[in-house]
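Asker: Working from the sequences, and respecting the hints, build out all of it.
Number of protein chains: 2
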Amino acid sequence: MEIIKDISGIKDRLSNEKKAGHNIGLVPTMGYLHEGHLNLIKKAVENNDVVVVSIFVNPTQFGPEEDYEEYPRDLDRDARLAKKTGVDYIFSPEPDEMYFADHSTFVQVEELTDRLCGAFREGHFRGVATVVSKLFNIIMPDKAYFGQKDFQQFVILKRMVRDLNIPVAMERIPTVREEDGLAVSSRNKYLSERGRETAAVLYKSLKKARSLIKKGENDPEKIKNKIEAMIQKHDLTEIEYIEIVDPETLKSREEIRDKVVIALAVYVEETRLIDNIYLDREEIPHA
Amino acid sequence: MEIIKDISGIKDRLSNEKKAGHNIGLVPTMGYLHEGHLNLIKKAVENNDVVVVSIFVNPTQFGPEEDYEEYPRDLDRDARLAKKTGVDYIFSPEPDEMYFADHSTFVQVEELTDRLCGAFREGHFRGVATVVSKLFNIIMPDKAYFGQKDFQQFVILKRMVRDLNIPVAMERIPTVREEDGLAVSSRNKYLSERGRETAAVLYKSLKKARSLIKKGENDPEKIKNKIEAMIQKHDLTEIEYIEIVDPETLKSREEIRDKVVIALAVYVEETRLIDNIYLDREEIPHA
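The listed protein sequences derive, respectively, from chains V and H. Number 22 in this note's numbering belongs to position 22 of the first sequence; there are no gaps in the numbering. Number 218 in this note's numbering belongs to position 218 of the second sequence; there are no gaps in the numbering.
Think of the hints as simulated: they come from the structure by calculation, not from any bench. Treat the hints with caution; some may be incorrect.
Same chains, same names: a pair is fine if it fits in one copy or spans any two.
[What the hints assert, rightly or not] Straight-line C-alpha distance at most 20 Å; calculated EDC-like pairs for lysine to aspartate or glutamate: (1) Lys-251 <-> Asp-102; (2) Lys-222 <-> Glu-240; (3) Lys-158 <-> Glu-97; (4) Lys-19 <-> Asp-142; (5) Lys-158 <-> Asp-96.
Answerer: See below:
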């Protein structure tokens, strides 16, 4: 495995790999790899000749009040984990390798980015779409792997790929969870012991919602109220949003039908956590 | 020469060309080819194994009050001219092949797009950057050819290519002019005979500016006033802007030095015409 910091370096390596007929899988990350990332990497290793993991804490997707500076970084540890999991190249540029001082081009996906997390994190998804476009242009992967945990991100990037004709297959991989159901995330490390115990309620409430729907509840308000009540019982929590949406448009559903995503963002202590579940057509009883 | 209307068709052809080791030159156009386009095509033919001309009147770059509907189109004529000039493929998609009904992704180059024409054509360069990104992703050319006449467009697209790491070499080709100096343009056909004669003053005034600068004039205001006076003598004209700018930032120059672009947009009758000249370091006397 090689760790490469410059754009021309990774392009050279991958140009040779392509000449050798190898197809390329990309796992874009902000590093501090956890089981969720490793699961993406495993899928990439299974399905591609060459796997690139990008590790880049992307400044343009953090708001001014957000945790860009304190976001956890540990390249040595990431490199060990990546190597063990079968990665061929880590691409870990510095910010000034990725952005000129007068950088001025942004990729904007409209509407989809105003909903859910986008309503609370202005400019976040513009930063994500921009950096992922750049990574796609640099790496030119055949397939790219993203976690279901960041569901809105996946929907937005998939729309971007469609709208801009970017030649990459987008793979959405199920969320990896801790034993108590908490979605694994680099930000879980910010939690105190008590916060960490509390955080399990997010997924518990989503499971409860799933079971209510399976029993025939089709009123989104009732389901959201149930989730809200479960979470609010815990004094360390503050709900940002709970939404039940169409998985493609991300618009709120008036009624539970077809397929839906239930998504939420909740502060536990100072830490903003997100989670979601996807209910397929088969899981929703017909009216 | 083949005329191809669908994205998958052109991708298939070009994938085979690339496998055969051929490099690809792209000339993006809105069709109604004139000597300016043919000059771009000639340069592309000289320097590439395979030349693609895209012909697409891009709806997203026209404002609601602009001439999208009446913009001249003549694919048969274009095909004859392109074939004669050595083009291998014309890619001429319909609008619904390029844009889904729920298209929502746009490429925005900030600041550069607010200046010159951008100040008067809101959203124009966003549409241009978006469609050119799409064309680059579909065609994946080694080189792309643009005319100097649309100088701001070139500067914006070059910035986009740099900022998003798009793997294409951007070629800027000098403006082709009629005998009386008028820059050739598909929109010249909108002019009446008298309008057409009047339009020659645009380039005459730019040439006058060049000669004043060569004689040592370094005050942009004086030069702009001279251009303005020459154009205003003609009653069919209405000046939109006359600017003297830095060729990379497009910011107004306080003083003529280093290198500058003098750019203007003028209505002649109902038709908006643009032109510009580039003055290199060598053409500007040192203070």
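Asker: Run every hint past the structure and note whether it holds.
Answerer: Structure-based check of each hint:
For a Cα distance limit of 20 Å, the shortest separation of Lys-251 from Asp-102 across copies, 13 Å, qualifies, whereas the shortest one inside one copy, 35 Å, does not. In this assembly of identical chains, the alpha carbons of Lys-222 and Glu-240 lie at most 20 Å apart only when taken from the same copy (18 Å versus 58 Å across copies). In the homo-oligomer, the alpha carbons of Lys-158 and Glu-97 lie at most 20 Å apart only across protomers (18 Å), although the nearest pairing inside one protomer, at 26 Å, exceeds that limit. Taking the closest pair of Cα atoms, Lys-19 and Asp-142 come within 20 Å of each other both inside a single copy (14 Å) and across two copies (16 Å).
In this assembly of identical chains, the alpha carbons of Lys-158 and Asp-96 lie at most 20 Å apart only when taken from different copies (19 Å versus 27 Å within one copy).
Comparing the model with each numbered hint stated earlier shows that all of them hold.
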